[in-house]
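The task is simple: from the sequences and hints, build the whole structure.
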Amino acid sequence: MQTNLTRTTLSNGLLVLLKEIHNAPIISAWMWYRVGSRDERAGITGISHWTEHMQFKGTPRFPAEVLDKAVAREGGYRNALTFLDWTTYFETMPADKIDLALDLEADRMHNSLFAPGEVESERTVIISERQGSENEPLFLLGEEVQAAAFRVHSYHHEVIGDLADLQAMQRDDLYNHYRTYYTPSNAILAVAGDFKTEVMLARIRQLYEGLPPGDLPAHKVRPEPVQPGERRLAVEGPGETTYVQLAYRAPAATHPDFYAYLVTDSLLTGPSNLNLFSSGISNKTSRLYQALVEKELAVGVFGGLTATIDPFLHSIVATVHPSSNAELVVEAIDAEIKRLQDAPPPASEVARAVKQARALFAYGSESITNQAFWLGYAEIFADYDWFLTYLDHLAEVTPQDVQHIAQTYLRPQNRVLGIYLPTDQNTSQTTEEPA
Amino acid sequence: MSIKSNQSLPGADDITRVVLANGLTILARPNFNSPSVVISGSVSAGSLSDPDQKLGLADFTADALLRGTTHRSFQEIYDALESAGASLGFDGGTHTTGFSGKALAEDLDLLLALLAEALRQPAFPTDQIERLRARLLTGLAIRAQDTGEMAALTFDQIIYSGHPYSRPEDGYPETVQAITQEDLAAFHRSIYGPRGMVIAVVGAVEPGQAVDTVIQELGDWSNPEQPGIVQVPPTGYPQEPLTRKVDIPGKYQTDLCVGAVGPQRRSPDYLPAALGNNILGVFGMMGRVGEVVREKAGLAYYAFSSLAAGIGPGPWSVAAGVDPTNVEKALDLIRSEVARFVSEPVSVEELADSQANFIGRLPLSLESNSGVAGALVNLERFDLGLDYYRQYPDLVRAVTREQVLETAGRYLVEDRLGAAIAGP
Numbered sequence: 000m001q002t003n004l005t006r007t008t009l010s011n012g013l014l015v016l017l018k019e020i021h022n023a024p025i026i027s028a029w030m031w032y033r034v035g036s037r038d039e040r041a042g043i044t045g046i047s048h049w050t051e052h053m054q055f056k057g058t059p060r061f062p063a064e065v066l067d068k069a070v071a072r073e074g075g076y077r078n079a080l081t082f083l084d085w086t087t088y089f090e091t092m093p094a095d096k097i098d099l100a101l102d103l104e105a106d107r108m109h110n111s112l113f114a115p116g117e118v119e120s121e122r123t124v125i126i127s128e129r130q131g132s133e134n135e136p137l138f139l140l141g142e143e144v145q146a147a148a149f150r151v152h153s154y155h156h157e158v159i160g161d162l163a164d165l166q167a168m169q170r171d172d173l174y175n176h177y178r179t180y181y182t183p184s185n186a187i188l189a190v191a192g193d194f195k196t197e198v199m200l201a202r203i204r205q206l207y208e209g210l211p212p213g214d215l216p217a218h219k220v221r222p223e224p225v226q227p228g229e230r231r232l233a234v235e236g237p238g239e240t241t242y243v244q245l246a247y248r249a250p251a252a253t254h255p256d257f258y259a260y261l262v263t264d265s266l267l268t269g270p271s272n273l274n275l276f277s278s279g280i281s282n283k284t285s286r287l288y289q290a291l292v293e294k295e296l297a298v299g300v301f302g303g304l305t306a307t308i309d310p311f312l313h314s315i316v317a318t319v320h321p322s323s324n325a326e327l328v329v330e331a332i333d334a335e336i337k338r339l340q341d342a343p344p345p346a347s348e349v350a351r352a353v354k355q356a357r358a359l360f361a362y363g364s365e366s367i368t369n370q371a372f373w374l375g376y377a378e379i380f381a382d383y384d385w386f387l388t389y390l391d392h393l394a395e396v397t398p399q400d401v402q403h404i405a406q407t408y409l410r411p412q413n414r415v416l417g418i419y420l421p422t423d424q425n426t427s428q429t430t431e432e433p434a
Numbered sequence: 000m001s002i003k004s005n006q007s008l009p010g011a012d013d014i015t016r017v018v019l020a021n022g023l024t025i026l027a028r029p030n031f032n033s034p035s036v037v038i039s040g041s042v043s044a045g046s047l048s049d050p051d052q053k054l055g056l057a058d059f060t061a062d063a064l065l066r067g068t069t070h071r072s073f074q075e076i077y078d079a080l081e082s083a084g085a086s087l088g089f090d091g092g093t094h095t096t097g098f099s100g101k102a103l104a105e106d107l108d109l110l111l112a113l114l115a116e117a118l119r120q121p122a123f124p125t126d127q128i129e130r131l132r133a134r135l136l137t138g139l140a141i142r143a144q145d146t147g148e149m150a151a152l153t154f155d156q157i158i159y160s161g162h163p164y165s166r167p168e169d170g171y172p173e174t175v176q177a178i179t180q181e182d183l184a185a186f187h188r189s190i191y192g193p194r195g196m197v198i199a200v201v202g203a204v205e206p207g208q209a210v211d212t213v214i215q216e217l218g219d220w221s222n223p224e225q226p227g228i229v230q231v232p233p234t235g236y237p238q239e240p241l242t243r244k245v246d247i248p249g250k251y252q253t254d255l256c257v258g259a260v261g262p263q264r265r266s267p268d269y270l271p272a273a274l275g276n277n278i279l280g281v282f283g284m285m286g287r288v289g290e291v292v293r294e295k296a297g298l299a300y301y302a303f304s305s306l307a308a309g310i311g312p313g314p315w316s317v318a319a320g321v322d323p324t325n326v327e328k329a330l331d332l333i334r335s336e337v338a339r340f341v342s343e344p345v346s347v348e349e350l351a352d353s354q355a356n357f358i359g360r361l362p363l364s365l366e367s368n369s370g371v372a373g374a375l376v377n378l379e380r381f382d383l384g385l386d387y388y389r390q391y392p393d394l395v396r397a398v399t400r401e402q403v404l405e406t407a408g409r410y411l412v413e414d415r416l417g418a419a420i421a422g423p
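Chains as they are written, first to last, in numbering that gives the first Met the number 0: chain A, 0 to 434; chain P, 0 to 423.
Rather than coming from a laboratory, the hints here were simulated on the basis of the structure.
Hints should not be assumed to be uniformly reliable.
[Claimed, not checked] Okay, the calculated beta carbon distance ranges per label pair: (1) P:Q208 <-> A:R150: 54 to 62 angstroms; (2) P:E181 <-> A:Q399: 44 to 52 angstroms; (3) A:T388 <-> P:G227: 54 to 62 angstroms; (4) P:G161 <-> A:R150: 56 to 64 angstroms; (5) P:R396 <-> A:D95: 15 to 23 angstroms; (6) P:Q208 <-> A:T7: 38 to 46 angstroms.
[Said to hold, decoys possible] Output of the computed footprint for chain A on chain P, the stretches with three or more beta carbons under 8 angstroms from beta carbons of chain A: (7) 83-92; (8) 246-256; (9) 319-326.
If you're wondering where the values come from, they're calculated on a predicted model, not measured in any experiment.
Glycine residues also receive a C-beta, built at the ideal position from the N, C-alpha and C atoms.
Shown next as structure tokens:
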């Protein structure tokens, strides 16, 4: 794995990771900024995501319409993502066209316009994005559960932000946010694919080393205190389907318990797929599928952990069977957790989870885009070594470690229990209108 | 040391293609860059064979195949699959039932053995069928609340009025309730068979070995009862322009779908329509539609067009999610963009941009094993020829502005567009 990997920091603080992969004539470049909803306070929730949108609105050199078309014209694929701890922009391009991506990322690190008219038209686009999410019962439930889990820490709010802030934020708020966090010393450039490292690094130096380093922004985080007891909530909304979400306070990605927790989650809800560009596998032999779906208490269950800088959540979500109810589902989940607390799982079950992780890891490595994603992503919450040693660390997890996780974290006092209660049994009505 | 793009595209010299006497076509292409392998393909069994009162039968049957076979229980099947970190799934469509799976290369034999068992000896155990039915019914209840899905479903009902394509493959609650265990077994017995089946194997396995293993598992499969290909009647235009609204109370956003029936994939109209569609509502930030509805008017997070050409003529439509108070404004903007698209030729620059985009993105779509496997299956499904992806750049470059305009005008007839609206 270690071959063809280069990790270096430019004089202005930009961390650069390069990985040569000569499978296909493709290069994927990712620009990561250490800023996300974690860096937001009440009044400017959603600002990191909105800033990400504004990065597509152009610079003097690359006006929006030019920027939009330039990458597509070369056959490239690009997107941007904002999450709790990070904002990232990527382009996957035919190898001989990657210079465009490197050039435009260097340009928009410093020169984006944030024109007031563009800010206003994007305001309604983002509110529309939020409304689309609000149509989903699991978004409505997840937002309330997350808010209940974090009273103090800024993981409290959804990345998209609260409507009140989306309506009130102004151009200068966004521009200041951009100027504060979009600096070389707060960024990581990760490139993987069909290039020669020496040539690629020289070009990156040429494009990026002249950018001013900027002041390293402070990440003012307010740690979440220990939760004093179980929190319960209900969300009511349209539909016929009940959902249950259990969110346990989980350790940060660099905590020694994190790997054992991944295995524990795998036993309970099926293998976690940490890849962004590769689908997972089914979970029908997992303990909770067996206890909930095979017992006809739920029609589906999934769960997972997120690798984050600060402690976040381990979530378990069940879609309740039409002839069952939320209480029965929670009882059955609690019984399965108790089984893990009372006795360590068979070693074979742990070994199986590790094999599943190995397979998912192999599927993820098919994609150059996914490999470039990991180069930068791992650096956000740990370093690339975290990714390289991931399978080895999982292989070291013992049945006793899993029992320890169940006893330490999977306690009612450490969780939020949220239930989505459908308010009606109405079927939809269709009307025809003249054109 | 960089790789020439045309060398990485699949072609006759690196695709192994074998057609068996029972009608099964096997395609294989190696890739040893990662220790994994993917299978993908389809059998000729789809919702076109569903009786109206049991709509959803083909889809239910597909979902039930892995719920138990005459050799293995549900538990044994998934224990084998999941212990290997492998996956396998079936999905019922209109003309065909698709399948796809992946595994570490060392587990390919297991994957193919389970595929063959599921296709040839499903047992449809009653307890599993009832659990599956509950899941399907819950899925339909969720669908009824999904503004995007309900707009698309209603749109199909409008543009395919009176045609089998107007029916949703997953059926309705009452039709799924009506399906019995014996219906599933009978559907499988009379419809499933090797004729018309396609399977692609792509990944860290020698093609010869992949072909041998498929032959071992499926070479002696036969079904004398298997019917011929189901023919569908031609599609037409709706008798009048029609707008239909589905009320879904309590929602925050409304979804729209506007358009008409497009070409089939095999049609010579396909590439001009696809390039035109790219200009209309895909290229860059969702093409002309995205520019007007999202970028200029700020009405929607998504506003794009799509062309779903398949074995038969699929929908050609524009979709958007908007604030319920902005429905009319968005519909007007979309209709006027479509009107411009069918009355004026696209610009020289627009066509050149989309041609470059189609040619440049092809290697990216073939980045993973599943991308290659899907591409191989399409070669077979649409009779494109093994060298299609190598010829593709020339085919794309040959399309003219006049062809785009003429093609668009024949499908997106302005006063015959259907429109579906789903929301509060």
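Hints, one by one, checked against the model:
1. Distance hint check for Q208 (chain P) and R150 (chain A): the Cβ-Cβ separation is about 59 angstroms, which falls inside the suggested range of 54 to 62 angstroms.
2. Range check, E181 (chain P) to Q399 (chain A): about 50 angstroms between beta-carbon atoms, so the 44 to 52 angstroms window is met.
3. Distance hint for T388 (chain A) and G227 (chain P): a CB-CB separation of about 57 angstroms, consistent with the stated range 54 to 62 angstroms.
4. Range check, G161 (chain P) to R150 (chain A): Cβ separation about 58 angstroms, and the 56 to 64 angstroms hint holds.
5. Roughly 18 angstroms separates the CB atoms of R396 (chain P) and D95 (chain A), a value that falls within the hinted 15 to 23 angstroms.
6. In this structure the hint that Q208 (chain P) and T7 (chain A) lie 38 to 46 angstroms apart at CB holds, the actual value being about 43 angstroms.
7. Three residues within the 8 angstroms Cβ limit are the bar, and the region 83-92 of chain P against chain A gives 5, so the coverage statement holds.
8. Check result for the region 246-256 of chain P against chain A: holds, 7 residues qualifying (beta carbon to beta carbon below 8 angstroms, three or more required).
9. Under a criterion of three residues with beta carbons nearer than 8 angstroms to beta carbons of chain A, the stated coverage of the region 319-326 of chain P is upheld, 3 such residues being counted.
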